[in-house]
Structures are given as C-alpha cells and as structure tokens.
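Q: Starting from the given sequences, assemble the full structure and let the hints guide the process.
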Amino acid sequence: MERLRYFLQRTLLSMRQTPLLSGATIGTVAIALMLLSFFTLIVFNVQNLTRQWSRDIQVIVYLDRIPSNSVLEQWCQEITKLPAVETVHYVSQAEAFERFRKRLGQNDDLLDGLMPEILPASLEIALREEARTQRGAEELVELLSRNSTFSDFRYGQEWLERYDAFMFLLRLTGTLAGGFLIFATLFIISNTIKLTIYARRDELEILSLIGATPFFIKAPFLAEGAFQGAIGALLALGGCHVLYYFFLKKGLAALLTTAAAQNISFLPTWMQVAVLGLGLTLGLAGSMLPLRKFVRM
Amino acid sequence: MERLRYFLQRTLLSMRQTPLLSGATIGTVAIALMLLSFFTLIVFNVQNLTRQWSRDIQVIVYLDRIPSNSVLEQWCQEITKLPAVETVHYVSQAEAFERFRKRLGQNDDLLDGLMPEILPASLEIALREEARTQRGAEELVELLSRNSTFSDFRYGQEWLERYDAFMFLLRLTGTLAGGFLIFATLFIISNTIKLTIYARRDELEILSLIGATPFFIKAPFLAEGAFQGAIGALLALGGCHVLYYFFLKKGLAALLTTAAAQNISFLPTWMQVAVLGLGLTLGLAGSMLPLRKFVRM
Amino acid sequence: MIQLCNIGKVYDNGAPALHDINLKIPSGDFVYITGSSGAGKSTLLRLLYCADRPSRGQILMGERNITRLRPRSVALLRREIGFVFQDFKLLNKRTVFENVALPLQVQGLAKQEIQSRVYQLLQYVGLEYKLQRKPLELSGGEQQRVAIARAMIVRPRVLLADEPTGNLDSDLAIEIMEMFTRINHEGTTVLLATHDRELLDRFPRRTIVLKGGHIVSDTLPQTAEETPSKEEAI
Amino acid sequence: MIQLCNIGKVYDNGAPALHDINLKIPSGDFVYITGSSGAGKSTLLRLLYCADRPSRGQILMGERNITRLRPRSVALLRREIGFVFQDFKLLNKRTVFENVALPLQVQGLAKQEIQSRVYQLLQYVGLEYKLQRKPLELSGGEQQRVAIARAMIVRPRVLLADEPTGNLDSDLAIEIMEMFTRINHEGTTVLLATHDRELLDRFPRRTIVLKGGHIVSDTLPQTAEETPSKEEAI
Ligand SMILES: Nc1ncnc2c1ncn2[C@@H]1O[C@H](COP(=O)(O)OP(=O)(O)OP(=O)(O)O)[C@@H](O)[C@H]1O
Ligand SMILES: Nc1ncnc2c1ncn2[C@@H]1O[C@H](COP(=O)(O)OP(=O)(O)OP(=O)(O)O)[C@@H](O)[C@H]1O
Ligand SMILES: [Mg+2]
Ligand SMILES: [Mg+2]
Numbered sequence: 117m118e119r120l121r122y123f124l125q126r127t128l129l130s131m132r133q134t135p136l137l138s139g140a141t142i143g144t145v146a147i148a149l150m151l152l153s154f155f156t157l158i159v160f161n162v163q164n165l166t167r168q169w170s171r172d173i174q175v176i177v178y179l180d181r182i183p184s185n186s187v188l189e190q191w192c193q194e195i196t197k198l199p200a201v202e203t204v205h206y207v208s209q210a211e212a213f214e215r216f217r218k219r220l221g222q223n224d225d226l227l228d229g230l231m232p233e234i235l236p237a238s239l240e241i242a243l244r245e246e247a248r249t250q251r252g253a254e255e256l257v258e259l260l261s262r263n264s265t266f267s268d269f270r271y272g273q274e275w276l277e278r279y280d281a282f283m284f285l286l287r288l289t290g291t292l293a294g295g296f297l298i299f300a301t302l303f304i305i306s307n308t309i310k311l312t313i314y315a316r317r318d319e320l321e322i323l324s325l326i327g328a329t330p331f332f333i334k335a336p337f338l339a340e341g342a343f344q345g346a347i348g349a350l351l352a353l354g355g356c357h358v359l360y361y362f363f364l365k366k367g368l369a370a371l372l373t374t375a376a377a378q379n380i381s382f383l384p385t386w387m388q389v390a391v392l393g394l395g396l397t398l399g400l401a402g403s404m405l406p407l408r409k410f411v412r413m
Numbered sequence: 117m118e119r120l121r122y123f124l125q126r127t128l129l130s131m132r133q134t135p136l137l138s139g140a141t142i143g144t145v146a147i148a149l150m151l152l153s154f155f156t157l158i159v160f161n162v163q164n165l166t167r168q169w170s171r172d173i174q175v176i177v178y179l180d181r182i183p184s185n186s187v188l189e190q191w192c193q194e195i196t197k198l199p200a201v202e203t204v205h206y207v208s209q210a211e212a213f214e215r216f217r218k219r220l221g222q223n224d225d226l227l228d229g230l231m232p233e234i235l236p237a238s239l240e241i242a243l244r245e246e247a248r249t250q251r252g253a254e255e256l257v258e259l260l261s262r263n264s265t266f267s268d269f270r271y272g273q274e275w276l277e278r279y280d281a282f283m284f285l286l287r288l289t290g291t292l293a294g295g296f297l298i299f300a301t302l303f304i305i306s307n308t309i310k311l312t313i314y315a316r317r318d319e320l321e322i323l324s325l326i327g328a329t330p331f332f333i334k335a336p337f338l339a340e341g342a343f344q345g346a347i348g349a350l351l352a353l354g355g356c357h358v359l360y361y362f363f364l365k366k367g368l369a370a371l372l373t374t375a376a377a378q379n380i381s382f383l384p385t386w387m388q389v390a391v392l393g394l395g396l397t398l399g400l401a402g403s404m405l406p407l408r409k410f411v412r413m
Numbered sequence: 002m003i004q005l006c007n008i009g010k011v012y013d014n015g016a017p018a019l020h021d022i023n024l025k026i027p028s029g030d031f032v033y034i035t036g037s038s039g040a041g042k043s044t045l046l047r048l049l050y051c052a053d054r055p056s057r058g059q060i061l062m063g064e065r066n067i068t069r070l071r072p073r074s075v076a077l078l079r080r081e082i083g084f085v086f087q088d089f090k091l092l093n094k095r096t097v098f099e100n101v102a103l104p105l106q107v108q109g110l111a112k113q114e115i116q117s118r119v120y121q122l123l124q125y126v127g128l129e130y131k132l133q134r135k136p137l138e139l140s141g142g143e144q145q146r147v148a149i150a151r152a153m154i155v156r157p158r159v160l161l162a163d164e165p166t167g168n169l170d171s172d173l174a175i176e177i178m179e180m181f182t183r184i185n186h187e188g189t190t191v192l193l194a195t196h197d198r199e200l201l202d203r204f205p206r207r208t209i210v211l212k213g214g215h216i217v218s219d220t221l222p223q224t225a226e227e228t229p230s231k232e233e234a235i
Numbered sequence: 002m003i004q005l006c007n008i009g010k011v012y013d014n015g016a017p018a019l020h021d022i023n024l025k026i027p028s029g030d031f032v033y034i035t036g037s038s039g040a041g042k043s044t045l046l047r048l049l050y051c052a053d054r055p056s057r058g059q060i061l062m063g064e065r066n067i068t069r070l071r072p073r074s075v076a077l078l079r080r081e082i083g084f085v086f087q088d089f090k091l092l093n094k095r096t097v098f099e100n101v102a103l104p105l106q107v108q109g110l111a112k113q114e115i116q117s118r119v120y121q122l123l124q125y126v127g128l129e130y131k132l133q134r135k136p137l138e139l140s141g142g143e144q145q146r147v148a149i150a151r152a153m154i155v156r157p158r159v160l161l162a163d164e165p166t167g168n169l170d171s172d173l174a175i176e177i178m179e180m181f182t183r184i185n186h187e188g189t190t191v192l193l194a195t196h197d198r199e200l201l202d203r204f205p206r207r208t209i210v211l212k213g214g215h216i217v218s219d220t221l222p223q224t225a226e227e228t229p230s231k232e233e234a235i
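Chains as they are written, first to last, in this note's numbering: chain A, 117 to 413; chain B, 117 to 413; chain C, 2 to 235; chain D, 2 to 235.
Among the clues, some could well be false.
Unchecked claim - Which residues of chain D face chain C? A partial, calculated answer using Cβ under 7 angstroms:
(1) G9
(2) N14
(3) G15
(4) G39
(5) S43
(6) N93
(7) S171
(8) R183
(9) E187
These are computed hints drawn from the structure, not numbers from a lab.
Bear in mind that the values here come from a model prediction, so they are computed numbers and not experimental data.
Just so you know, even glycine gets a beta-carbon here, dropped at the ideal spot from N, CA and C.
A: Structure representation (structure tokens):
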C-alpha cells in the first residue's frame, strides 16, 4: 500500500520536476501517433471511397440469342452461385436500346425508325469487392465461357487496367508508407524516451546505490512512460479529430456537393481505443528497454 | 586557425564521446526526413500519374452544320487562343462514324447500310492542365457558347465531377498531410536535439564557467548539429532510394505491365539537394534554439 | 564481522587500486582508513558496498560472501549499510527531505514514521530549516550533512563513510564524529575513510593506513597517537 | 585591487547568504576566507567570479565594476581568474588533459604550447601518469588536483579557491599551498576559502571570518595565530 502510494506520487511528482523531459515525451508520442492515426484515417476513407467507386466494375455478357425465361432464370441462378459474383442483371434488347437513346441525348432522333433489335441483350454481372480487379474479371469470364452459349464478353478492359494499377499503387504505397510509419513511430518514440532516461541516468544510479531493488527503481519510470504515452495518444486523437473535423469534414462539405464528402468518417471506436493502447504500450515498452540498459547492477 | 582546428576536432571527438546522443540525433533526422521524402516521392508520382490521366478531359462541341474549311480554321485558331485550351481537334462525321463502329466491335454489322451522316461532326477541345476541372470545363463552355453557332456541348460531367472530387481530396489530404508532416519533422527533430543538449547541459555550464565566450561554447554544438543533420539526411535519401527502387520500381515493374510502372521516378536532383539542405538546416537551427536557452550567462 | 581475503582490485582501464588486502573487522568496531590521495580508501569502501566488484579475493560480511551477489541481493545488502559518498551522490531533483527519506521509502516504511525520523535526523545535523531545498541550493558542507543523514537514517548495521568531514569546519566535524560514535555505541560497525589528522588525534581508534593499494599499517588506539607524530616528522 | 561595497546576496529562493559585505583586497594579497558551513564563503567567491550576481552593492575588480557585465565581458573576465570549485566542475566526458587544457584552448593558444604547459602543471600536482583518464576514473583527491591545475593553467591574475584541500591529505595539501604561495609571489592575488585549521596555522595570512553572511573578523597574520587558539577554546 505504502509502496503503491509512493509509486503514484513519484510518477506525478517526477513529471512535475522534469517538465522538459515529460513534455518532450508527451509531445513526441502525440505527434508521432497523430501522424499514424491521420494516415490511418486517410487510408480508411480512401478505402471506403474506392469501394464505392468499384461498384461500377462489372462483366457484361452479350447474348446472341434471346433465351427463354426459364433458361434465363437458370443462368442467373448458376452465375450468382459463382464465388466472384455479387448480382446478375438481365438487360433486354429494349432496355439496351433505351439506354443507348439516353446516351445520345439530344441526338436521339437519329435512332428514330430503328428497331430495338439492333442492340443485343446482355447479362450485367456485378462483382464482389474482392474480385473487382482485372484478374477477377478475367477469371470470371474464363468460368463463364465454359458455357458455350456465352462467347461475347465486355468488362471495360482499359478502365479496369487503370483501376487495377491505381488500386495496386494505392495499396502498395499505403502498406509501405504505413509499415514505415509504424516503424518510424516506434523508433522515434523509443528514441525520445531513451534520451529522457539517459538524461536521468544519475537518478537511476543513485537509487540503486541507495539499496532500491530493480523493480523499485523501474516502476515509477515505467508508470511514467505508460502515463505519458497514454496522454500523448489522447492528444493525438484529439488533434486528429480537429484536423478531420475542420479540414476533411467541414472543408469538403463546403466545397463539394457530392456524396464523397458525406461518406468521410472518423476512425471507428475500436481504432481509437487501439491508438490509445498503442500509446500506452509504446510508452511502457519504450521505457523498459533503456531502463534495462541503464539499471544494470 | 587554432580555433578552427579546435572546433573541427571537438565536433568529431564529441560525436565519438557521446555515441548514444549523436546516434539518436542522426537516427531521428534520418527517419523523419525519410518519412518526409518518401511522402514527397509519392505525391510527386501521383501528380505525374494524374496529370497523364487528365489528358482525357476534354470539351466536345457538336456542330449542327458542317462548316466550310475556312470557317473551321478560323474557329480552331480562335479557340486555341483561349487560355484554358491546349489543342483543338476537328472530328468529321466520317471519323465519328468510324469511331462508333470501332466501339461497337463485333456488333458493327448493325451499322451496315447507315450513312455516316447519322452522327454529328464535332470539335474536341483538350484542356490545359490547370483547367482540367469541372469548373475549368464549364468556364470554357461558357466562353464558347458566346459564339451562337456552338450550342451543343458535352464534357463528361459525371466523370469530371468524380475526378474533381478525387483530385480535391488528393490535394487536400496531400497538403494537409504534407504540412503536418513537415511540422512533425520539425518538432521531432528539434525535440530530439533539445534532449541531447539537455543531457549535456552541465558541459555547457562548465564551459561558460571556464571563460568560454558564448560563441566558443556554441560553435562545436552547432557544427555537430549541422553535421548530424546532414548525415541523417543522406541516410534518409539512401533509405528512400532503397524503398523506391525495391518496392516502387522493381515491385511495380514485376507486377504491372502498364505504362504506370515505367513512369514512376525518383525525386529530381534539386529535391534531393533540398532534403540534404533541410537536414543540415534542421540540425543547425534545432541546436540553436535550445543552446540559446541553456547558454544563458 | 567483516572479513576481506586476498582482495585485489584492478579497474577496467587497467589501473590497479588494491593489492592483496587481508582484513578482519569485528562487528561493532570503529575503524579509520587513511592514506594519501589515490591510496585506495574509496575503492575499499566501495567494494564493501558492492558498488564495485573485487577483481580477486573474497569478502565476507556476517555469514554472507558478498563477492558475487545477484542484483536483488545487492539491494537488500545495501539496505543494511549506510554509505556517505565522497561526492555525496544526492538526487538534485528532489528536496533534502526526499533525499534523506529515500532509503526508508525503499524499505516501504509508513509515511508517518518516515517523516518523524527524517525530521529528527535533519535536526541533528542542523538542517531542519532547509527541508524543502534542493541539494544544489545548499552549500558544500550542507550537502555533505544531507549525505550523512541519508546514510544514517536506516540505522545501519554497518556505516561506511568516505571523507565525511572534508567540507565541514572542525566544530561541525566534531559533532558529526560524536554522532558516529553514538551510533557505534549502539552496535553499528563504522568504517571511516579520512585525511583529517585532527579527527584521528581527537578520536583515537583503530587506524588502517593504505599506500598504493597496500595496507602499510594497522594500529590500535594506543599506538594511533604515535603515527601522526611520526608522519609529521617526514 | 578587489573592492566590495555593501554587497548583499539573497538567493532566488529567498535565502539570504551575504549581508552588507565591505572588503578591500589589494593586488598580490593572499587572503583566507573561513567560517562555518553555510557562512557564505562560496557565495562570496562566486560573486567575484560573476558566477552569481550580487543582490545589492558593487564589486570593483581593478578598474572594472563587474556587477553588471554582458556575457562576453564575463567570459573575458573569467579568463583572468582561476577558480577551484568546491565540487570541481570537471567535464566527465573529457580526459584530464583536455580538462586542464580547456582554458588555454578557450584563449586560442597554439597546440604546442598548450601541451607543454598542461603537462608541466599536471606533473606539479602529481597526475602526469593519468593524463588520459576521465575524471570519473580518478579518486576524489585526484579530481581536486585536476580542478586546481585547471584553475592555475592560465597563470591567472586572481586565483579563487573554494576548499581546495578538502579531499587531500595534509602532505598534499601542503604541496598545493606551496604552489599557491609561489603563484602569489609571482603577483597573483589569492583568495582561499577553507575550513582547514592546520593550513591556517602553518601558512598564516590575512584571514576573513564569515558567520551567517557577515564578516565577523578580518585579521592579519600576527593576530591570525590567536584566532584558532581562541576558537579551539570554545
Ligand atoms: N572508476 C575508476 N576507474 C579507474 N580507476 C579508478 C577509478 N576509481 C579510482 N581509480 C583509481 O584507483 C586508485 C585508488 O582510488 P581511490 O578512489 O580508492 O583513492 P582514495 O584513497 O579514495 O583517494 P582520495 O583520498 O583522493 O579519495 C587511484 O589511483 C584512482 O586513480
Ligand atoms: N544556489 C543556491 N540557492 C539557494 N541558496 C543557496 C545556494 N547556494 C548556497 N545557498 C545558501 O546560502 C548560504 C551560504 O552558502 P555558501 O555555499 O556560500 O556557504 P559556504 O560558506 O561555502 O559553506 P560550506 O563551507 O558548507 O561550503 C547557505 O545557507 C546555503 O544554504
Ligand atoms: Mg576517495
Ligand atoms: Mg562552500
């Protein structure tokens, strides 16, 4: 009990006694984690955005002959069962003609007198999220072409290629930057804590000379590290929220009228808790390592 | 002369005598600047990429009547003079029909027997880079519609809207993240240097007690800071180049066959020099501020 | 009972500080260790405190061989020993009170008891009005007295004092010596490294003289009075 | 000529250390400052070195009023003064040689000259074999001698020594005192704060006694012999 009280008191007191050092730790944790969370926030939202956009990716099967309703139904059922498929939509010749007319806009008079039958009927197959790549589309086409009635496919090759490249680049740089950012955060935080502990190494030495056990010496430092890490993480979340609110949310809403702005959201709660936990853990672990080095007895 | 030799000697000696401190500074500068340069590298390449993509953005003017060659030439000249316009391309009815046929692909037999005149002739106006936005296109349409012969415009509203939103988001988060990253780099580096100088404050005090002038005390610390900053920047550039080479260049080239991979390039030389300069400046300025605080006499 | 057998100490940089020291100090003894600067007095005391490890030989303290202890045991050993360091080794960030209270907090005593004991001891050394000062706001002699108080606060079984009166005037030195004598009468073994011939003369005790890391003489009180006069003749 | 007029010093925490000190020390004098622990000896010396500023009063050193100097002037003043700090204030990261050479490097002397002067002086204080050691690898007395060497290396016009023999045995103390006497004969003004009555007796000089921040006596050699005997009677 006395011990516990002593440790808590020491932790707070020591943060007061060395404001420069604890300020440095808290500041570094805050900035580094803010960087990390803001990055996560962006990745998170870009993912949401591209997920929406990728709804347009679909495979179209042009049908040479118009199937009977029962055959059509059977096809739809079979295709829907394929793992890569989300939905199947039958576009009749009339519907295709109507769409074409709409597309021509004011020039639709050109189609006057033409029969709807000039355009083929088709099946529009929407892909599941994980299959929305060039490869996914090609594999589906491969599968579908086993049915010899399906021979004429269209799946926006050029757009898909570009989309694929973009998504790949996004994912690659995201992973790379994210991985590197995590590493940088770890390095910078542990480095800063190492320096603050280095600056207090005489304290560690004297405590050990006074007959303090390694645990007694380290406990207040660890508590301090964890506490500062947690405070830093809170500040990071706060700062990140401010950035998010004023720039992403308000800024976008004012400038854009698209759905894009509405869809931007803050980190979900579990991620926020994770950031807090990360700060605490980093503060704790970051103190542990240099302490082990300086408290050798 | 003796002085200069003393300062140089001291700088190197002191880095040897406090490897933990100089290691921390160099490491932090390296990591922070690597983060910054890698971010710049990504922004730089994404900009290149979107610049290429945005070539597709154009305003199409459908012509009700086929103009005479001389009128056409005059129009082209006038339009080309507009600030937002890059090039103007005249698409004749025959060319439009040909394109339409290509688009239909295997179904082109549908057009057999139709006259090319069912499709209108048009002017395809490519925009300059800075005008490749919804607003830019609309302004151009506005200008063009002063000529009463031009009334039917098409400029891919939906695609442009989406592109705009995307570019805006990209630019916003880029600026935001970049600005914040620069701030974070400044903070973290100056913070680390402050801690290393704090750890050596007794040295500063004793030097001043020995009769050293403020300049004499600070010079080796400043030189050390600048030197460490420069080394850190070099490491950052090296690390960034490794990341770039193995992940972006090789990785993409192996996985993609598109032009996208070929177009990815490293930071131009002037930016590399800027990173080096930034490291040096940060090391110098980051030492200057805490030194001013600790060397008060 | 403290016993040193064939103790030798060579520092990491190769500097030999002690050679082949054999020594027996019964419990409750009061022993001076003297000798010129660099003779090895501090090194000897530091070995007894496990602040350094001997390069060779064994040290027995009570029943225990303290030559190769694990960190936790070292900590426990140190709680029974008070040490006045030659360079004080006070925590500059903490107040005088906190510095002196530290060894008791390490042992987990109740706040109440810590407070009264610390206050009492600081009164003894004449610093009761400077409880809340930081060490750097004290004069050299005051810092030394804080160090002495910190060493005595635990009522140690062994007190090792390295030049504890180097920064004190003779009146204060005599007061401090009287404190040491008192604690010695209560059963604490006292080892005191000092240069101060005045103290040796005024409080004659067993005196061990070191020179270049060797014991050159080990005399009991009756002969202790001879040594200074002999050396003064040099 | 050093002159103090109405000097008072109150530390930031409100502790008064010196009251209304008036003092004249002619150039080339050798003066002891003594008094019990906390009397204000170190504070007085630190004021002369501009290591602290007096709260009131003026200090004249030669022609200069050193009470309000700008940083650069303080640095230049300090180059003419040697100071042996009570707590040594050595640079732990640098070797003994570098520590002693520092004041000369500050003045921008040639490497050759620095080397020979440092070596010679370290020989005087008996540390020529420990040139390459770091201060923390030295005994207390050795550190003190490094501090003394550093103060004397610039052949200062004024030497301020705060308890310079506290960690030295009397033989060494006497040697050091002889060095001080020699440098004093060459024209350096020496102010020496000490508790060591043996020195006062052996090298009788003008002695200023402080008590609670006041000057309680200021006696010249012939009477200086009285003072200790009087105090011993207390
Ligand atoms: N940490 C160390 N590393 C290397 N050598 C050391 C160390 N500490 C002391 N020495 C050397 O060991 C020898 C004995 O040192 P010690 O401190 O025991 O002397 P001492 O008798 O206490 O002297 P003093 O009276 O000056 O304090 C000296 O020559 C000293 O230079
Ligand atoms: N930095 C400081 N801040 C506050 N008070 C101080 C400071 N330094 C000294 N004092 C106080 O000023 C008084 C005089 O201190 P000073 O160091 O001059 O004494 P001294 O005569 O040198 O004593 P000693 O012989 O113990 O070294 C003491 O009461 C001390 O507590
Ligand atoms: Mg010693
Ligand atoms: Mg003093």
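Q: Evaluate each hint against the coordinates.
A: For each hint, the structure was consulted:
1. A hinted interface residue such as G9 of chain D counts as satisfied when its beta carbon comes closer than 7 angstroms to some beta carbon of chain C; here the least separation is about 17 angstroms, so the hint is violated.
2. Given the 7 angstroms rule on beta carbons, the hint for N14 of chain D holds: about 6 angstroms separates it from the nearest Cβ of chain C.
3. With a least beta-carbon distance of about 10 angstroms to chain C, the hint placing G15 of chain D at the interface is violated under the 7 angstroms criterion.
4. Because the smallest distance between the Cβ of G39 of chain D and any Cβ of chain C comes to about 5 angstroms, under 7 angstroms, the interface hint for this residue holds.
5. Contact between S43 of chain D and chain C, as hinted, is supported at the beta carbon level, the nearest pair being about 6 angstroms apart and thus within 7 angstroms.
6. Annotation: interface hint on N93 of chain D violated; nearest CB of chain C at approximately 11 angstroms, more than 7 angstroms.
7. For S171 of chain D, the interface hint holds, since its Cβ comes within 7 angstroms of a Cβ in chain C; the closest pair sits about 6 angstroms apart.
8. Restraint check, R183 of chain D versus chain C: the minimum CB separation of about 20 angstroms is more than 7 angstroms; hint violated.
9. At about 26 angstroms, the closest approach between the beta carbon of E187 of chain D and any beta carbon in chain C exceeds 7 angstroms, and the interface hint on this residue is violated.
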